[in-house]
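In the order they appear, the protein sequences are chains A and B.
Counted the way the numbering used here counts, the first sequence spans residues 1 to 350.
Counted the way the numbering used here counts, the second sequence spans residues 1 to 616.
Worth flagging that the hints you see were computed from the coordinates, not collected in a lab.
Warning: the hint list may mix true and false statements.
Derived lysine-lysine pairs resembling DSS-like cross-links, with alpha carbons at most 27 Å apart [what the hints assert, rightly or not]:
| hint | chain 1 | residue 1 | chain 2 | residue 2 |
| --- | --- | --- | --- | --- |
| 1 | A | K75 | A | K89 |
| 2 | A | K132 | A | K160 |
| 3 | B | K419 | A | K74 |
| 4 | A | K75 | B | K487 |
| 5 | B | K55 | A | K26 |
| 6 | A | K325 | A | K245 |
| 7 | B | K530 | B | K487 |
| 8 | A | K245 | A | K132 |
| 9 | B | K341 | B | K419 |
| 10 | B | K26 | A | K74 |
| 11 | B | K510 | B | K419 |
| 12 | A | K315 | A | K339 |
| 13 | A | K309 | B | K55 |
| 14 | A | K75 | B | K26 |
| 15 | B | K55 | A | K288 |
| 16 | B | K55 | A | K74 |
| 17 | A | K238 | A | K124 |
| 18 | A | K325 | A | K309 |
| 19 | B | K487 | B | K26 |
| 20 | A | K309 | A | K261 |
| 21 | A | K325 | A | K238 |
| 22 | B | K490 | B | K341 |
| 23 | A | K132 | A | K288 |
| 24 | A | K124 | A | K146 |
| 25 | A | K235 | A | K261 |
| 26 | A | K245 | A | K309 |
| 27 | A | K75 | B | K419 |
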Amino acid sequence: MKGAIGKIKIAFLFAATALFLAGCGKENLTALVPKGSSAQKSMDLIILTTVVMTLVFIVVMILFVVVLARYRRKKGQEDYIPEQVEGNKTLEIVWTVIPIILVLIMAVPTVVYTFELADDSKAKDHINISVKGNQYWWHFDYTDDKLQTSQDLYIPTGEKVFIHLLSNDVTHSFWVPSIAGKMDVNPENENTMYLEAHEEGVYWGKCAEFCGPSHSLMDFKVIAVSPDKYKQWVKDMKEMDPKEKPETTVAQEGQKLFEEKSCIACHAIGPSPVAVGPNLTDFGNRTKYAGILEPTKENLVNWIVDPEKEKPGNKMTGKYPNVSKEEAGKIAEYLMQIKPSSVTPETAGK
Amino acid sequence: MSTTATQKRSIGAVLWDYMTTIDHKKIAHLYLIGGGFFFILGGLEAVVIRIQLIKPDNDFISAGLYNQMITMHGTTMIFLAAMPIILALMNAVLPLQIGARDVAFPFLNSLGFWLFMFGGILLNCSWFLGGAPDGGWTSYASFALTSPGHGIDFYVMGLQIAGAGTLMGGINFLVTVINMRAPGMTYMRMPLFTWASFITSVLILFAFPALTVALFLLMFDRMFGSAFFDVTMGGNSVIWQHLFWIFGHPEVYILILPVFGLFSDLFSTFSKKRLFGYTAMVFATMLIAFLGFMVWAHHMFTVGLGPVANSIFAIGTMAIAVPTGIKIFNWLLTMWGGNIKITAAMLWALGFIPSFTIGGMTGVMLGSAVADYQYHDTYFVVAHFHYVIVGGTVFGVFAGLHYWWPKMFGRILHEGLGKWTFWLFFIGFHLTFFIQHFLGLMGMPRRYWVFLEGQELDLGNWISTMGAFLMSVGVIMFLINVIITIKSPKAPADPWDGRTLEWAISSPPKFYNFKQLPLIRGLDPLWIEKTEGNGKIPPAEPLDDVHMPNNTFLPFLMSLGFFVAGFGFIYQTDHKLMLLPLYIGMAFALGCMAVRSFKDDLGYYIKKEDLEREAD
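Okay, chain B solo, but in the shape it has when bound (with noise of 0.2 Å):
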């Protein structure tokens, strides 16, 4: 399936193909673009925030849609954003690293993103019906039970439409990783991003479903007439914030945990050099997960758990900076001695050093739970997770779209301009965040959607708000960069002298990957050929014809089933007739199931005689 041939389909044929397709390479494509799409709607969300805030007692936006902004933000950033665009990479590039020719289930595979595209815009229907949720992305219950309206609603519907998407995501990579290596793939010989990605799946099956039990007791509350969080009918609603949590917390991990992965990678391609210190870097990994799990209350020092809890929390908590330094002094020593080259993409990794180090000292001065007593709730945990999920995660994607460009679409960003992206999304990130400490310090608090005047806030938001305008400009850049592109020459199948397996195939890859599965001899096993063999992969089993999975509709149905029973689900609590949708939405979504189900699918093969015309 050359490029040429693409250019010539019909743009109906085109979108036929990514609504049918089960390939991982073009699920990444969609990731990216659904992923995409969402991040920009957060970051006009942001500048919204960030014009209100300008000046003391603003009057551009609002209260309530103030709230709706920040809610929208924090929400289409975290599980829009962020999530998809990582699984975007892991899709594009996990497969390709350990020499597997897809994922384990192609099929989840696409239902997974179905489900989030479709998760993400009932979500945002929320806009044109009534207003956008307006809980905070944590949406605790107290408040989120008395919010008016059908804002909170969407927020339930949407995110657990979009979980069970991530969910599925989660259980296919860690199935992949388990059963898809190629021969000599040994777990040793993983590049780390594979590594950090398959922790990130344990975390997403494990944490999720936190999430999965806390959103459903607060759709029976607010649909149903429960009361599991309903103080004046015997409920608890600091239940919901230890349920969102034990969930939320996994989910910052979630987000990091697969960017240090490619960091890794990063440093060591550029710098010439093998990973320093693989085994401690893989073992810290697990740590920080395991951690992650141990240390969500230090979210909650202020309500009142008591000092036995509060002091527990706070060692933990303080206790992931020592796996979190051993990273951060691997990748040094990874770079010391070597031979490093600065491309747009290791631009950003250098970038993700200091930023993400003063995200790590923050993380642990929140720790100190009296300390915290004062940094809870402000502008100083505004600026920590943003230096930690823009400083790390951000930084992170960047540097893997510059880095896996060519791989996932045969083009190389343009490098001049991705440097420029890269200095004025750094400039502005750190004069929009770093400021935010000691505002919160000086006493603003977080969500306020105006401060007053005369309590000597005003320059610390004005400043913030310029650095915002900074950051837009280097998006902009981007997505010129992205645009101008599409019309660059053809990029080699190993532009960067890579190390790992993905850079001996071409870029972009056939859509069967590999012709035949390759024999791994070692850790950077393209970097083994080149400095021992002849630089080629060596095949591990005869050229032969190739098993492929057909492309499917059913799970696009599927997901629009549950985004029409979405619909009856929020508003039958108005009218008996909307559960007409919902009947109706699950009927059709439960059908597809059955069609799955007893419709036999066994694919189709790829002719050896076809794949010995196919160059390599």
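This is chain A alone, in the form it adopts within the complex (with noise of 0.2 Å):
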């Protein structure tokens, strides 16, 4: 009897929670289950400030609905001329200063957390990245590692991973809603905030400032792993030869045409600073191809023959040669074993 009824209330619990998760929006996706310390600052506030507005809102519909049932007009009243009050002195201090003291109760810790959100005094003794936006995807630069990647942003979960934040063309927005806010890549100036995962796990990225017409498809994905995988990765990712040749003979030729189609004037595989476009080292690891298409053969096929229908004004569009499905088959063959690490999005957290 006693477990069945803990059973029952733990199925009841699990529905609660699933409905809320639900009701929430993706997990690693929605600001509303933060799994990052700056995500979980800005849920405290957005809690503090809901729960003081919501009261303010429930004091003022409460005023409404009683005006509105004592003083609506009811037949044979027509003609009721009520008093004609000018105001009242106490009350109107009243509803002047009770919402100054409300403002003040979030004003201060929101000042508090703005401060300490933009701290970054001690960001020399850890890990620092420095991320490009570019019309319409995101390069990553380990400075401290001389290793470059693009849309996979791997960080080791536990501590503070700083990055440098700064455009190559328009203005961008670096956003992570589980792990952090979000803080603007701007072509002028670069700013700096800090992402500190507390579990393992893919997340969602996502551009957030209007940058032309594919910003929408400008996503990428932050995945957090542990710090032992993270420095397996480092190692992996160090390690990797670029000039290694494939096993199979049309990976090989894949390889070749990398290299004839001029690819490879833009992509750099293996260790590089300039990023024309996306570095494609860990390109058979990735989450997404492009940051949005399934990782298929034949989405990637796809977008090398055509990327213009996948992210219409890309700059890869007319920048190489001609490209038959069947070269691209190829290319796509090649690219899709070049994977120099274990620590993988997959072994992320599952």
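Dock chain one against chain two, each of which comes alone in its own frame, and use the hints as you go.
Next up, the structure:
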């Protein structure tokens, strides 16, 4: 009997949590289920301000309903002339002072948190990553380790990772809702913020500043892994040999085509400080292709043949000679087998 | 000028009359027609946006067209719909409320309208000439400089011309309130709508020049090779954001304060009570206007201004809640103990209270900088500003139109249809926008052409689109109401048992408004005369000849000149030959100014004998 109740209780709790989470959006994307310290701070303030403001709203609504219920004109009252009240000083003071107190209650933690989040004085003791925004992709340069990736940003859990944001073209905004609020990526001045993920996972990142036709397709992922895995990943990435010959002949032909079709002019494989196009060092492990496409060969072929169709206004279209579907298939074969590390998005927390 | 006479005149004569008119009441009609047209246009653009977002990965319109839609929806609604319709209400009512025969500068009034109209048309010509602007209504410089084609150029020139018109309107109403009040109409006896319009005019006077400057800099960057915002040449694009929001934030108050004023008048009239806390209301309005200039950087919390700036602007933003709260509570206390009659106009006013309170709540929440790092540029912000601008300004415009329609057109809008319009629009509005708060926090940034599958954003977007359809039905119902009202019986002078001066004269008023300037004995002058006098406003002067200005075609021609020059500015980057329309247009406009300056136009007098023959 007791066990049954316990089971029902657990089932109920489970259902309630599921329902709550469903209403909060997709895990690792929504800001409503914070998984990082900055997102948690934002959430604290969201809850505080929502509670205070809801109280005010309830007071207004009670007054509103009472007024309407009591003083709505009734039949036979058409000629009734109410007393012409000028006002009331005490009331005016009351509804001036109480809101001032409420504003103070919200303002103090806001200021404290604003300064806390902006503190980058200890950045030197942590991992620093330079993030470059481009129409419509993201470049990540691990300045301390001298290695580069694009689209997938690997960070260790449980520690602050300072990112330095700068744009190569127009203003973008770097947003990983579950881990941290957003910060603009300006072309003229570098902004610094930190990411601190509490647990492993693949977190969705988005561009939040209107930057052109494919603004809505400028997704990226933050892959938070344990510090050990992170060390392994850095080691693998550094030891990766960009010249390595693939096993299959198709992929070998793809490697050749990659050079012949001048893909290599923009896309580096292996460490390279220059990034005209996304760095493809860990391409085989990407969560998505071009930031948005499911990682299948078909999608990759379509992308290589006609990127304009997938991401309107992108800067890759027209920068290389015509690639047939067959050739694109070979290039895809080559790219998809570049898997420099055993630490992949799949191993993050799962 | 009776209505029967109007009907007898040919369409051409009516058109000519409106094109040359400098009568504030007819200019109000023009503003309403122009603003109404653009409101419908902007609404259609909104529906297209919502259809595109009805399901994930939709391909109803292309990315480029979508960006043009969002840009033009925002730009149209703010500059070409909301502002002109508010100016329509100001024109229709403000001179009557202070007992004036017209605004201070009738010529300027007409010029302001035609500049707005031609600016709006110029902006919308872009649709047919290679694509509308696509930089968002904020047109942030770093992207706006790179946008190909002439879209952004149309944005710059169209808004520059329309903005000049608005600035003139603001100056005009300022001088009107300062100089044209009837004897006895002291500042502290002015109705709240007049007060709010007066303060709004101050905001226009100080805010619009910032926009003018920003647009000029962008114009030079795009058309004449300068580099104010071009980072690669040593410029700085964040400066655009500052300039834009130094204008843009007060702009929000320009949209909302006049309707605060008109709601104050409505609550008082339909509760049969004088406004509770009149003085507090006036000073709260001033305080909101003042603080409105101090908070522009809360649109820029994520730009990286640093914690000091962010904290200051956060506190400033939250502080605005205090005077706004004062207003809400005074409205509620105005109704407290009253005799509330729920007409269609009052229904819009009542619907405004919960809707706007939610918009104000989320405003304070957005003010908390660290929380804003999550809200910023997401659908949460979209929800917030629609709650303020639709739940405030648009509700206010509908309330004002239902309330003042008899004064503007001499007919009362159908009450039943008006209430239906309200309920459809009200439910549709909350359905569209409430869910968007959550969509934003669930990770949907604004200005997204598509949202991809598998992000649990589908249901919310679907609900939002359904709400948009419901709002559209509401607007169509209002249009039907307007059409059937043409045939309804003539309205009395004072259909709502009004309290303020505009209800003391016929509906619609004679073209000279007041035969004799009225003598004002206190706040709510008509109410005072109804309760203490004989219900008639006493005259402040003996009956005498009335001096009136002549109609003129010059404002239309001047604006036409700028309109032509606008095309010249835009296309001279393609071909030097296009400098020709630039010079011709500018020369034509300047020529019209010369004519205006050197030709004496002394107006005419309505003879005392003619006035005596007219019924009251």
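Self-check item: Structure versus earlier hints, numbers of those that do not hold, lowest first
Solution: 1, 4, 7, 8, 10, 11, 14, 16, 21, 25 and 26
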